[in-house]
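Chemist: What follows is the residue order along each chain.
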Amino acid sequence: MSQQNKVPEVEEELHLYAKRKAVYPKAVDGIFRRLKWLIMAVTLTIYYVTPWLRWDRGHYAPDQAVLVDLAHRRFFMFSIEIWPHEFYYVAGLLIMAGIGLFLLTSAVGRAWCGYACPQTVWTDLFIHVERFIDGDRNAQIKLANASWGPEKLAKRLLKHAIWLLIAVMTGGAWIFYFADAPTLLHSFIRGDAPFIAYATVGVLTATTYTFGGIMREQVCIYMCPWPRIQTAMMDEKSLAVTYKDWRGEPRSRGVKKALEEGLQTGDCIDCNQCVQVCPTGIDIREGPQIGCITCALCIDACDKVMVQIGKPRGLIDYITLLDAEEEAKGHPRMAIRKRLFRPRTLIYFTIWTAIGAAMLFSLGERTRIDISVLKDRNPVFVTLSDGATRNAFTVKIRNMEARPRQVEIGLLGIDSATIWAEPGERDTAQRTVQMLLPPDSVAKTRIYAVSAAKSPAREEFSFTVRALDKEGGSDSEKVTFDRPEGQ
Amino acid sequence: MADQRRIDEPTGTETVGHEWDGIEELDTPMPRWWLWTFYICIAWAIGYTVLYPAWPMLNSATAGTFGWSSRGQLDKEMKAEQDRTAPIRTAIDATPIEELSNRPELLKAAIAGGQAAFKVHCVQCHGSGAAGSKGYPNLNDDDWLWGGDIASIHYTLTHGIRQPEHDLTRFSQMPAFGRDGILQPGDINDVTAYVRTISGQQPANAASKRGSAVFAANCVACHNADGKGNRDFGAPNLTDAIWLYGGDATAIAQTVTNSRYGVMPAWGARLDPTTVKMLATYVHSLGGGEALPAASNAAAAAASTADAGNTQEVNVAAK
Chain A
1 MSQQNKVPEV EEELHLYAKR KAVYPKAVDG IFRRLKWLIM AVTLTIYYVT
51 PWLRWDRGHY APDQAVLVDL AHRRFFMFSI EIWPHEFYYV AGLLIMAGIG
101 LFLLTSAVGR AWCGYACPQT VWTDLFIHVE RFIDGDRNAQ IKLANASWGP
151 EKLAKRLLKH AIWLLIAVMT GGAWIFYFAD APTLLHSFIR GDAPFIAYAT
201 VGVLTATTYT FGGIMREQVC IYMCPWPRIQ TAMMDEKSLA VTYKDWRGEP
251 RSRGVKKALE EGLQTGDCID CNQCVQVCPT GIDIREGPQI GCITCALCID
301 ACDKVMVQIG KPRGLIDYIT LLDAEEEAKG HPRMAIRKRL FRPRTLIYFT
351 IWTAIGAAML FSLGERTRID ISVLKDRNPV FVTLSDGATR NAFTVKIRNM
401 EARPRQVEIG LLGIDSATIW AEPGERDTAQ RTVQMLLPPD SVAKTRIYAV
451 SAAKSPAREE FSFTVRALDK EGGSDSEKVT FDRPEGQ
Chain B
1 MADQRRIDEP TGTETVGHEW DGIEELDTPM PRWWLWTFYI CIAWAIGYTV
51 LYPAWPMLNS ATAGTFGWSS RGQLDKEMKA EQDRTAPIRT AIDATPIEEL
101 SNRPELLKAA IAGGQAAFKV HCVQCHGSGA AGSKGYPNLN DDDWLWGGDI
151 ASIHYTLTHG IRQPEHDLTR FSQMPAFGRD GILQPGDIND VTAYVRTISG
201 QQPANAASKR GSAVFAANCV ACHNADGKGN RDFGAPNLTD AIWLYGGDAT
251 AIAQTVTNSR YGVMPAWGAR LDPTTVKMLA TYVHSLGGGE ALPAASNAAA
301 AAASTADAGN TQEVNVAAK
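Note that the protein sequences, when read in sequence, are chains A and B.
Heads up, the first sequence is in our numbering, so the first residue is 1 and it goes up one at a time.
Heads up, the second sequence is in our numbering, so the first residue is 1 and it goes up one at a time.
Worth flagging that the hints you see were computed from the coordinates, not collected in a lab.
Watch out, some of these pointers could steer you wrong.
[Claimed, not checked] Counterexamples of contact, computed for chain B against chain A with all Cβ distances above 10 angstroms:
#1 R32
#2 I88
#3 P203
[To be verified] Quick list of simulated restraints, FRET-style, between CB atoms:
#4 N378(A) - T90(B): 29 to 37 angstroms
#5 G191(A) - T90(B): 32 to 40 angstroms
#6 D167(B) - L468(A): 39 to 47 angstroms
#7 W33(B) - R333(A): 52 to 60 angstroms
#8 N378(A) - D232(B): 30 to 38 angstroms
#9 N224(B) - A452(A): 54 to 62 angstroms
#10 P31(B) - D29(A): 50 to 58 angstroms
#11 L468(A) - N258(B): 41 to 49 angstroms
#12 A71(A) - N230(B): 52 to 60 angstroms
[Stated by the list, open to error] Below, a list of computed lysine-lysine pairs in the BS3-like style, where the Cα atoms sit at most 30 angstroms apart:
#13 K396(A) - K119(B)
#14 K454(A) - K209(B)
#15 K119(B) - K375(A)
#16 K444(A) - K108(B)
#17 K108(B) - K478(A)
Bear in mind the structure is a predicted one, so any value in this text is a computation, not a measurement.
Positions of the beta carbon are idealized from the N, C-alpha and C atoms, including for glycine.
Please model the complete structure; the sequences and the hints are all you need to start from.
Modeler: Right, here's the structure in full:
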């Protein structure tokens, strides 16, 4: 084959798959790092402690403050108890969470990603464990490149053991939201907890270990849909971590030498600290990018260097795109407070507050007693020996209070009718029936109504239920009374 | 056109050898994973036909080495269900029917079981809602030919009504007054008018007054002097609003002329005793069930409390 036909060598072969480049984030201290510590402490405390809080609801309901009781289809949250038919409160909470994220994103960018997302919090925790055992960035790189020996083996074993322990505890804490925590802990340790408990812990252990220990930033970059959605939520007025290139460029490592040579230099001395501390392994100086979770650790790192070289802080800083343009032109930037209050954030906030207020209002107004009546359709009516007509109804009454309640079922309309329920009988039937409702459950009973009146063939009336205790509460449902044709 | 197979240079893949206006098709091989999946499926299918019924033969299919059959699986499930309900059936069996109402949990199970059995054995005549039809009594109402307390219902169900060749069956036979010439058509019209008068369907008149005498001479033995019937003979109450065969003049005249002879099978001979007991409980629970006669009243009264607890159901005390 001749020389001319030879295909030129491709410099780097392109693949659809790129191997992950290990990230060894360097430890850093500063205002945002401390904020992260604080948020981590608060969120982890909430997560681990919540199921163990007790809340006295009396004899008939669980005393766990927050409990998602799937088996009995109840959701307890402090003084609020939600029944399955009130699931719209949970839907409302989810909508609020969604709109809350919109609000947060349009105001302060990807703050959720940077500070409060469980993926970020647990990854941060895992990184700290890694640092505690292997040392900081340089020691970690050295250990990774070292050949396998007793020390490396011991360190690796210890690190993964602690990671697994954290993972087990993470999965373990989750299940306590779904059953009485102390009881479940005992049976879990004894080994006689339900299989689903072990399965849940197993799955969550695996995901925590994999996501927090091994996959880390890849979850944010490749798996999570939220960064993509956030990209659409952010605009030129949202805060983002930004490298002020107009101030930093051109970078120079040897500022003095450059000055001597009469070259212009920016504030960036190319010390690479911002890259080394980044938990997702990006270079913020390349501009906004999907890998940036705005954890602001690069701001901390850069500010420290700026202090050391006697330059003002904030070469890398939280700034909106609009302000960045203004500042690049030399104009003063708008106060952050003013940036936060703009139509978009105010609208989000109004919607968010409106949903919250509406839910709170309806929570305060909801009745805790509820009647539903199903009329017998086969037969629709029964003629009795004295010519009167009897209709039968299946009555279900929800008692949503955690105590037994005495109620009275009555009739509204159809003045000719009397009602009774087993084991009563027609001779002693009156216009009302009393009933003791068991606590926190649905009481079902069959009620017979009899009317000696001859017409009309179909009469509308209502069943009412009224609580007889001092808290009261009532409900009613419309039904029909049917008679044979022509009577 | 054909057989111009060659290696396509950019991709290094063989073409299928066809060319249409310069367009060629690559013969890309099957992906390895797809082929392996395919082979595994073949292996699976062979294993399946050996283990499970598969190959059609002359009379039936091969049985498969696992010996599985859908009928066998059904039997197994039915057996499991029977085992599950066995304790409660035994308990129902051991409890006299008069005392079932003292055992709310048993009563509930018996009614549920009776309801299921009713759907299989009784709906053909009494209807799925037990509302009956002409000639087949409505079991929801408060009118009972042979007694409406639970023991009477149980007896009626066990021994049937007019079950041939069964000594204990409920039996009575109204004469065919017209057909057998006991009464003349005029008398029948009169007694029909009388019956319609005592049941409040028409005002008294000359015919009904004449009928009164006919009634006194022919009917009181079973239907009683006041026309309210007699449960010992299954003789219906003629003064109420419920008519098994219709209460209009034609229907009553027809009944008097030809008589009626309704038959219900003796279920004791067809079903096991537990099922019959559960059926009686169910029929008694339909709204027309009567209390037991005085002797058993104390037991019935004690049945007023029922299972609250975890079942989310309560019994109700009428005010």
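Chemist: So the hint says 41 to 49 angstroms: do the beta-carbon atoms of L468(A) and N258(B) match that?
Modeler: violated, 58 angstroms
Chemist: Can the restraint linking K444(A) and K108(B) be considered satisfied, given a maximum Cα separation of 30 angstroms?
Modeler: holds, 13 angstroms
Chemist: Cβ-Cβ distance between G191(A) and T90(B): within 32 to 40 angstroms?
Modeler: holds, 35 angstroms
Chemist: Once the closest CB in chain A is found, is it more than 10 angstroms from R32(B)?
Modeler: With a cut-off of 10 angstroms, R32(B) remains clear of chain A, as the shortest Cβ separation is near 17 angstroms.
Chemist: Is the nearest CB of chain A more than 10 angstroms from the CB of I88(B)?
Modeler: With a cut-off of 10 angstroms, I88(B) remains clear of chain A, as the shortest Cβ separation is near 20 angstroms.
Chemist: Does K375(A) lie within 30 angstroms of K119(B) when you go C-alpha to C-alpha?
Modeler: holds, 20 angstroms
Chemist: Mind checking the alpha carbons of K108(B) and K478(A) for me, to see if they're no more than 30 angstroms apart?
Modeler: It holds: about 29 angstroms lies between the C-alpha atoms, which stays within 30 angstroms.
Chemist: Can you confirm whether the C-alpha distance between K396(A) and K119(B) stays at or below 30 angstroms?
Modeler: Status holds; Cα separation ~25 angstroms.
Chemist: Could one say that the CB atoms of A71(A) and N230(B) fall in the range 52 to 60 angstroms?
Modeler: holds, 57 angstroms
Chemist: If I claimed the Cβ atoms of N378(A) and D232(B) lie 30 to 38 angstroms apart, would that claim hold in this structure?
Modeler: holds, 32 angstroms
Chemist: Honestly, do N224(B) and A452(A) meet the 54 to 62 angstroms range at C-beta?
Modeler: Cβ of N224(B) to Cβ of A452(A): about 25 angstroms, so the range 54 to 62 angstroms is violated.
Chemist: How does the Cβ-Cβ distance of P31(B) and D29(A) compare with 50 to 58 angstroms: does it lie in that range?
Modeler: At roughly 53 angstroms between Cβ atoms, D29(A) and P31(B) fall inside 50 to 58 angstroms, so the hint holds.
The structure is inconsistent with the numbered hints 6, 9, 11, although it conforms to all the rest.
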